[in-house]
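Sequence lines, in order, name chains A and R. Sequential numbering from 1 applies to the first sequence in this note's numbering. Sequential numbering from 1 applies to the second sequence in this note's numbering.
No wet-lab data here; the hints were simulated from the structure. Hints should not be assumed to be uniformly reliable.
Here are the computed distance ranges between Cβ atoms for each label pair [as the list claims (entries may be wrong)]:
hint, chain 1, residue 1, chain 2, residue 2, range
1, R, 137, A, 26, 14 to 24 Å
2, A, 28, R, 13, 29 to 39 Å
3, R, 15, A, 119, 25 to 35 Å
4, R, 43, A, 50, 17 to 27 Å
5, R, 137, A, 32, 16 to 26 Å
6, R, 119, A, 75, 28 to 38 Å
7, R, 29, A, 139, 18 to 28 Å
8, R, 22, A, 26, 19 to 29 Å
9, R, 22, A, 105, 31 to 41 Å
This structure is a prediction, so every number in the text was calculated from the model and none was measured. We put the CB at the ideal spot given by N, CA and C, even for glycine.
What follows is the residue order along each chain.
There are 2 protein chains.
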Amino acid sequence: MFTVRPIGVLHTPWHSTSECPRNGRRADPPPLCHAELLAEFRDGLHSIEGYSHLILLYWLDRAGEPEMVFKPPFDDQPRGVFATRTPRRPNPIGLSVVKFEGIDAQGRLMVRYLDCVDGTPLIDIKPYLRTTDCEPEASMGFQANRAPRPG
Amino acid sequence: MFTVRPIGVLHTPWHSTSECPRNGRRADPPPLCHAELLAEFRDGLHSIEGYSHLILLYWLDRAGEPEMVFKPPFDDQPRGVFATRTPRRPNPIGLSVVKFEGIDAQGRLMVRYLDCVDGTPLIDIKPYLRTTDCEPEASMGFQANRAPRPG
């Protein structure tokens, strides 16, 4: 067992899981959200300003109990938890590739494409590196005909 | 504080952190690695076979103490931890986008592009979705002239 500690908190327009978009690209236009770091971690943002995209990891503290196999709302067949992005995972860690729009006057990161509830604990920020994180030709299994990206 | 539990273990060719490649695309050719799930989580792989790429999250249990600002080995200037992919993070969670080559006779996922030590605890498997995870035009800040992708 390992211990994860929050490094900050995410601010989004959604106040319950039922309000959240299925993914952060579904809202059109995607709203501005904020990632607020605890004071002790703010020095860790040094040199982050040149990245256009970041990967945020967060703890989905309102997810229900994990289910190994379940029927997704968009699907007519049962699927394994690791073949979906459901929050109900053994470790409820959410991941979003977000557009980074700079740091505001309060020191918060301004981002778009989040999909989680307001107040969700932030646990990591990583730079998005297209050299290792980008797979334009990736095939999407049973989701191949789903989840078109708006715009 | 939240508790993370291993869902399995990663098998790679590298037996110490000093042997590990800087990222999973640096080894040429990238070796075959394996992700072995604990029995209780194996049903969660249902329907995963059609994805060409996955996102693996793992716990970097041999990382040193986190440093908010440090000088990366490839750099001549100090950088913030959140502007790099260093393992020495407040929460030492590693993330790799891996090529998925199927499930072997022992039920292990066969993957390429890992960069971590043999025996690293696996904490999540997510499908890579090019509709939300792929940003071919992303700018890479101070790493813009680094990390070319082999091949």
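Checked hints:
1. 137/R x 26/A: 14 to 24 Å: holds, 21 Å
2. 28/A x 13/R: 29 to 39 Å: violated, 45 Å
3. 15/R x 119/A: 25 to 35 Å: With a Cβ separation near 42 Å, residue 15/R and residue 119/A fall outside 25 to 35 Å, so the hint is violated.
4. 43/R x 50/A: 17 to 27 Å: violated, 43 Å
5. 137/R x 32/A: 16 to 26 Å: holds, 20 Å
6. 119/R x 75/A: 28 to 38 Å: For residue 75/A against residue 119/R, whose Cβ atoms are near 35 Å apart, the range 28 to 38 Å holds.
7. 29/R x 139/A: 18 to 28 Å: Between residue 29/R and residue 139/A, where Cβ atoms are some 21 Å apart, the hint holds.
8. 22/R x 26/A: 19 to 29 Å: violated, 35 Å
9. 22/R x 105/A: 31 to 41 Å: holds, 36 Å
Hints 2, 3, 4, 8 from the list above are not met by this structure, while the remaining hints are.
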